Structures are given as structure tokens and as C-alpha cells.
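Protein chains: 2
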Amino acid sequence: MKQIVALAGGVGAARFLDGLARIVKPQRLFIISNTADDAELHGLHVSPDLDTVTYTLAGLAHPAHGWGLAGDSFQCLQALGRLGAETWFQLGDRDLATHIYRTERLRQGVPLSRITAETCSALGVRAKVVPMSDDPVRTRVRTPRGEIDFQTWFVRRRAHDRVLSVRFAGAAQARPAPGVLDAIRSAAAIIICPSNPIISIGPILAVPGIREALRSTAAAVAAISPLVGGRALKGPAARMMKSMGLRASASQVAELYRDFVNVFVLDRRDANLVPEVTAMGMRTLVANTIMSDLHAKKALARAVVEAL
Amino acid sequence: MKQIVALAGGVGAARFLDGLARIVKPQRLFIISNTADDAELHGLHVSPDLDTVTYTLAGLAHPAHGWGLAGDSFQCLQALGRLGAETWFQLGDRDLATHIYRTERLRQGVPLSRITAETCSALGVRAKVVPMSDDPVRTRVRTPRGEIDFQTWFVRRRAHDRVLSVRFAGAAQARPAPGVLDAIRSAAAIIICPSNPIISIGPILAVPGIREALRSTAAAVAAISPLVGGRALKGPAARMMKSMGLRASASQVAELYRDFVNVFVLDRRDANLVPEVTAMGMRTLVANTIMSDLHAKKALARAVVEAL
Numbered sequence: 079m080k081q082i083v084a085l086a087g088g089v090g091a092a093r094f095l096d097g098l099a100r101i102v103k104p105q106r107l108f109i110i111s112n113t114a115d116d117a118e119l120h121g122l123h124v125s126p127d128l129d130t131v132t133y134t135l136a137g138l139a140h141p142a143h144g145w146g147l148a149g150d151s152f153q154c155l156q157a158l159g160r161l162g163a164e165t166w167f168q169l170g171d172r173d174l175a176t177h178i179y180r181t182e183r184l185r186q187g188v189p190l191s192r193i194t195a196e197t198c199s200a201l202g203v204r205a206k207v208v209p210m211s212d213d214p215v216r217t218r219v220r221t222p223r224g225e226i227d228f229q230t231w232f233v234r235r236r237a238h239d240r241v242l243s244v245r246f247a248g249a250a251q252a253r254p255a256p257g258v259l260d261a262i263r264s265a266a267a268i269i270i271c272p273s274n275p276i277i278s279i280g281p282i283l284a285v286p287g288i289r290e291a292l293r294s295t296a297a298a299v300a301a302i303s304p305l306v307g308g309r310a311l312k313g314p315a316a317r318m319m320k321s322m323g324l325r326a327s328a329s330q331v332a333e334l335y336r337d338f339v340n341v342f343v344l345d346r347r348d349a350n351l352v353p354e355v356t357a358m359g360m361r362t363l364v365a366n367t368i369m370s371d372l373h374a375k376k377a378l379a380r381a382v383v384e385a386l
Numbered sequence: 079m080k081q082i083v084a085l086a087g088g089v090g091a092a093r094f095l096d097g098l099a100r101i102v103k104p105q106r107l108f109i110i111s112n113t114a115d116d117a118e119l120h121g122l123h124v125s126p127d128l129d130t131v132t133y134t135l136a137g138l139a140h141p142a143h144g145w146g147l148a149g150d151s152f153q154c155l156q157a158l159g160r161l162g163a164e165t166w167f168q169l170g171d172r173d174l175a176t177h178i179y180r181t182e183r184l185r186q187g188v189p190l191s192r193i194t195a196e197t198c199s200a201l202g203v204r205a206k207v208v209p210m211s212d213d214p215v216r217t218r219v220r221t222p223r224g225e226i227d228f229q230t231w232f233v234r235r236r237a238h239d240r241v242l243s244v245r246f247a248g249a250a251q252a253r254p255a256p257g258v259l260d261a262i263r264s265a266a267a268i269i270i271c272p273s274n275p276i277i278s279i280g281p282i283l284a285v286p287g288i289r290e291a292l293r294s295t296a297a298a299v300a301a302i303s304p305l306v307g308g309r310a311l312k313g314p315a316a317r318m319m320k321s322m323g324l325r326a327s328a329s330q331v332a333e334l335y336r337d338f339v340n341v342f343v344l345d346r347r348d349a350n351l352v353p354e355v356t357a358m359g360m361r362t363l364v365a366n367t368i369m370s371d372l373h374a375k376k377a378l379a380r381a382v383v384e385a386l
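Just so you know, the protein sequences line up as chains V and H, in that order. First residue of the first sequence: 79, per the numbering used here; consecutive thereafter. First residue of the second sequence: 79, per the numbering used here; consecutive thereafter.
Rather than coming from a laboratory, the hints here were simulated on the basis of the structure. One thing to keep in mind: the hints can contain errors.
Pairs count within a copy or across copies, as identical chains cannot be separated in the list.
Listed next, the in silico SDA-like pairs over lysine to any residue satisfying Cα-Cα at most 20 Å (straight line) [said to hold, decoys possible]:
hint: 1; residue 1: Lys206; residue 2: Gly121
hint: 2; residue 1: Lys206; residue 2: Leu161
hint: 3; residue 1: Lys312; residue 2: Arg346
hint: 4; residue 1: Lys376; residue 2: Gly280
hint: 5; residue 1: Lys103; residue 2: Leu363
hint: 6; residue 1: Lys320; residue 2: Leu184
hint: 7; residue 1: Lys376; residue 2: Arg218
Keep in mind that this is a model prediction, so the values were computed, not measured.
Kindly produce the complete structure, drawing on both the sequences and the hints.
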């Protein structure tokens with residue numbers, strides 16, 4: 079049974095994958111997760127996108143936030159604050175266990191991909207969730223105030239600063255995690271989740287070999303636009319794209335992916351962009367991409383899988 | 079105002095110090111804490127004795143256990159267990175903040191004594207709590223099953239294995255923490271808390287220079303027996319002493335300290351041991367050493383301070 083490979087950022091991707099894992103056997107899913115927004119907080123290695131996908135597929139994600147664990151408490155963070163530590167990054171007590179475990183295993187020399195497999199197995203996730211690389215890649219955001227790391231820009235400063243450019247420090251030296259290139263080459267189908275093309279999918283594509291594998295694979299590649307009507311369903315994609323001199327539109331996302339995507343999935347409200355995307359040589363699928371409930375998630379996943 | 083210096087282990091010492099800090103100005107107290115039972119758990123640096131003393135003086139200690147924080151929850155530890163990590167060492171959510179904070183600061187190269195000062199200040203502890211050394215010293219317990227580290231012997235294996243001997247790995251190379259020797263030399267009085275003489279006070283005395291400073295200081299040195307009627311009020315002292323070929327009695331404790339103690343404090347039930355201790359050249363103080371409530375803690379502290 080051939081695999082379905084997905085490239086995934088955080089909350090938006092997790093929502094889509096939640097639907098996908100319910101309409102295909104989750105064991106068939108090979109999910110390549112962005113790790114460029116990983117951060118060290120309180121000396122702990124935090125992997126927000128990886129954990130959002132894992133927690134969601136485990137059925138443990140916080141239903142309203144999308145990130146973190148449902149019903150988690152924040153006793154430890156509060157106590158850290160009392161000790162004078164910074165508390166702008168929300169870390170729940172049970173969530174912290176993941177970071178403590180990961181940090182200890184990393185210090186023991188275990189690669190992140192193996193640690194992720196352990197965590198998934200412990201939490202009952204049957205899909206394969208794989209970091210894009212076991213090597214550290216970190217998104218750095220250039221703003222008018224200077225270059226800052228991604229979580230400082232996104233969480234601490236609430237995406238307030240204008241983004242002039244981003245770079246993925248370490249990407250040039252990073253190797254795809256074990257199995258990533260093979261999975262892309264031998265996939266039944268590949269899906270680029272509805273994630274920020276700059277800072278969620280961008281870093282995955284920046285790992286040497288991954289974009290090339292996507293270009294040359296025999297599998298059809300679909301991408302779901304994270305922008306609907308020129309706005310991001312979640313997160314700062316639209317504003318970020320504009321401040322970087324790009325258009326905030328689904329067709330701009332299509333353009334960023336045109337060298338490897340075969341099927342581009344647009345929301346119904348963006349049906350007017352079909353000719354523009356078709357002109358780039360891609361097939362289009364127009365669907366309801368707003369995953370307001372489980373039914374909508376599954377319907378979108380089904381439509382995408384059928385189009386492939 | 080000259081300082082009162084105390085050498086302290088964990089729960090027993092903390093109880094006594096709680097009383098002492100209420101009858102003298104806490105700012106006068108200079109507490110030298112055992113760190114040889116420190117352990118790395120989940121990659122975090124845990125300092126049980128240091129924290130027990132700090133939490134107690136901050137009024138935050140768990141009233142029944144003596145260790146840990148009152149009202150703490152264990153969400154993170156439970157989640158660590160789910161990930162397959164070992165959970166035999168109880169670490170509460172708020173308690174974990176201390177270990178996370180300490181571990182990060184240590185990795186930044188900050189000495190343990192400075193981190194402890196930061197923690198004490200954040201938690202409102204006015205006494206000076208100082209680790210015996212900023213260098214790592216670790217108690218290793220030789221048992222019929224081989225040598226194991228202290229927390230494995232004490233917590234994981236519930237002090238089940240017979241103790242043939244103990245050693246304090248790293249002690250020979252350790253330097254007393256900044257201020258420790260000066261505090262002993264210039265103290266108004268020195269008190270050896272009612273702690274296990276082998277594994278709580280023993281490691282402090284094993285740090286080169288400390289025992290010598292106690293011998294040569296002009297200050298009077300008192301020691302309170304942790305054994306009453308041949309039993310330890312708390313912990314495995316009596317059984318450990320017996321299995322190491324020592325007598326489990328207050329006079330045996332006195333003998334271990336005879337080269338530097340001037341006043342030995344015995345419980346009323348051990349009044350019969352007075353001649354034996356006096357014969358070693360020490361003065362004795364017979365008092366109620368069972369600190370069943372705050373009144374008893376203060377009464378004992380007052381009696382000891384007056385005897386000095």
C-alpha cells in the first residue's frame with residue numbers, strides 16, 4: 079500500500095490532516111513536519127509544528143487553540159514566572175513533558191526523527207510524523223528592528239513587526255530526515271497542506287533535496303491554498319506575504335509552488351482565480367477549504383484525494 | 079551582627095531551621111546545604127536538600143511530606159510516564175519550575191550558589207542558603223547488588239538494599255562554595271542540624287576545607303542528634319549506620335563529630351547517654367528534639383541558641 083505524503087506546518091495543516099487520517103488508513107500517511115519554528119525555551123527544545131500535528135492526530139489537541147493539549151494546566155509556567163523566567167510562550171504542564179522528554183533524548187544523541195516516532199507511538203498516533211530534518215534549521219525574521227528568531231517575532235511580539243524577509247538558518251547544511259526523500263519518490267500522492275507557504279512550507283522546501291524530489295517524483299502533487307479571499311484562515315501569512323512584496327492571494331501561493339505542484343486547491347470564494355492558476359500549467363480543484371467542523375475536514379480531504 | 083551558620087540536610091534540618099528562623103533574624107542565618115544527593119532526572123538538575131530547605135523557609139513546603147511544594151499537582155510527571163519516562167521520583171508541576179530554571183542557568187554557566195540565591199530571593203527567603211559546593215559531589219551507595227547512586231538507592235529502591243559503604247564522588251576535587259569557609263570562620267555560632275550524619279552532613283564535611291574550618295573556628299559548634307532512642311526521626315540513618323558497622327545511637331553520632339563539636343544536643347529519652355558524650359569532651363544539652371509542632375521547633379532552636 080503506497081503512502082500519501084503530506085508537507086505540514088502547524089494548526090492549519092493539523093486540521094486538514096485530522097480529516098485526512100479519517101478517510102484513509104492513518105498508517106498510509108507520511109507527514110513531513112516543519113521544524114524551523116522550533117525554539118529553545120527555558121533550556122527545553124520545543125517543536126511547535128511537530129507537536130501540533132502529533133497532538134491533533136492523537137486526539138489530544140486543545141480544541142480552541144489548535145496548539146497545546148486539551149485541558150492542560152499551567153502551574154509550572156506560573157512558577158517559572160515567579161522565579162523571574164519569561165512566560166510569553168505558553169507551555170502547559172502536560173505539554174512540558176513532551177519538551178522535557180525530547181530535550182533529554184536529544185542530549186543523549188537520539189535524532190529528532192526517532193524521538194518523534196517514540197512520542198507518536200506513546201500517544202497512539204498511527205500516522206508517521208517525521209521532522210523535515212534531524213539537523214537544526216531555524217527561521218530568522220528580518221524586521222525594521224533587526225533580525226529576530228521566529229517565535230520572538232510570532233509569539234512574543236505577536237507578529238507585530240513588519241517582515242522584510244525571512245531566512246532559514248542552517249537549511250543549506252541540513253539533510254532531509256531518514257525516509258523523507260524515499261517517501262516523496264515512491265508516494266502514491268503528495269499533499270502540501272494549507273500552511274503558510276513562506277514560514278511553514280518554505281523551510282521544508284529549503285532542505286536540500288526535498289524540492290528536487292517533489293519536482294521529479296512520479297506522484298501527483300496537490301497543494302491546498304492557505305489563503306481564502308486574500309486572507310489567511312489562521313496566522314500571519316497574508317500580511318507577511320504583502321510586506322515581503324508578494325500578493326496576498328491564492329494564485330500567489332500557486333506561483334510559489336508552480337515548479338512541483340500538479341493540482342492546486344482553491345476555495346470556492348477564489349473560483350475567479352482558476353484561469354490564472356490554470357495558466358501556470360496546474361490543474362485546479364475548487365472546494366470548500368474552510369474546515370469549520372469534522373465533516374468539512376473530511377469532505378476536503380476526500381476531494382483532494384480523489385483529485386489525485 | 080554576626081552570622082549563625084547551620085549545616086543542613088533535608089527534611090529534619092528544614093524543620094529545625096524553620097524554628098530557628100523564627101527566633102533569630104533570618105538574615106543572620108547562613109545555611110550550608112548538602113548537594114551530594116542532587117540528581118539528574120529527565121535531564122533536569124534536581125537538588126532535593128537545597129529545595130527542601132528553601133521551600134520550608136519560604137513557607138511553601140508540603141506540610142506532610144516535608145519535601146516538595148504544598149498543593150502541587152503532578153500533571154507533567156504523569157505525562158512523562160505516558161511517554162515512557164520513569165516516574166519513581168516525584169516531581170510536582172510547580173516544583174519542576176525550580177529544576178527547569180536551575181538546569182537552564184547551570185547550562186548558561188551560572189554557579190549553583192548564585193542560582194540558589196536567585197531562587198531564594200524570588201521565593202522571599204531571607205536566610206542565606208548556600209550549597210556546600212558549586213562543584214558536583216555525588217553520594218554513591220555500595221550495596222550487595224553493587225554501587226548505585228543515592229536517589230536510586232533511597233527513592234527508587236526505597237532504601238531497601240543494605241548499605242556496605244558510601245562514598246562522595248567528586249568530593250576530593252570540590253571547593254567550598256563562595257563564602258562558606260569565611261562564614262564558618264567568622265560565625266557567632268555554628269549548628270549541625272539533626273540530619274543523617276553519614277549522607278547529609280557527611281558530604282558537607284567531605285568537601286576539603288570545611289571540616290578543618292569547623293575544627294579551627296573560634297565559634298562554638300553545636301550538633302543536634304538526628305537519632306532518638308536509637309532510631310531516626312526521619313529517614314534511614316539508624317539502619318544505614320548499623321549496616322555500616324556503626325552503632326545506631328546518639329552517642330555514635332557524637333563520636334562522628336567529636337573533633338569539632340562543642341555542644342551535643344540529645345533528646346530527653348537519651349539522657350542516659352550524657353556521660354558517654356561528656357567523656358568525649360563535649361558539653362551536652364538535653365532537650366525535646368522531637369519537633370512535632372511549631373512550638374516544639376522554636377523551643378528546640380531557642381535552647382540550642384542559648385546553649386551556644
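> Which hint numbers does the structure go against, in order from smallest to largest?
Replying inline: The structure breaks hints 1, 4, 5, 6 and 7; every other hint is satisfied.
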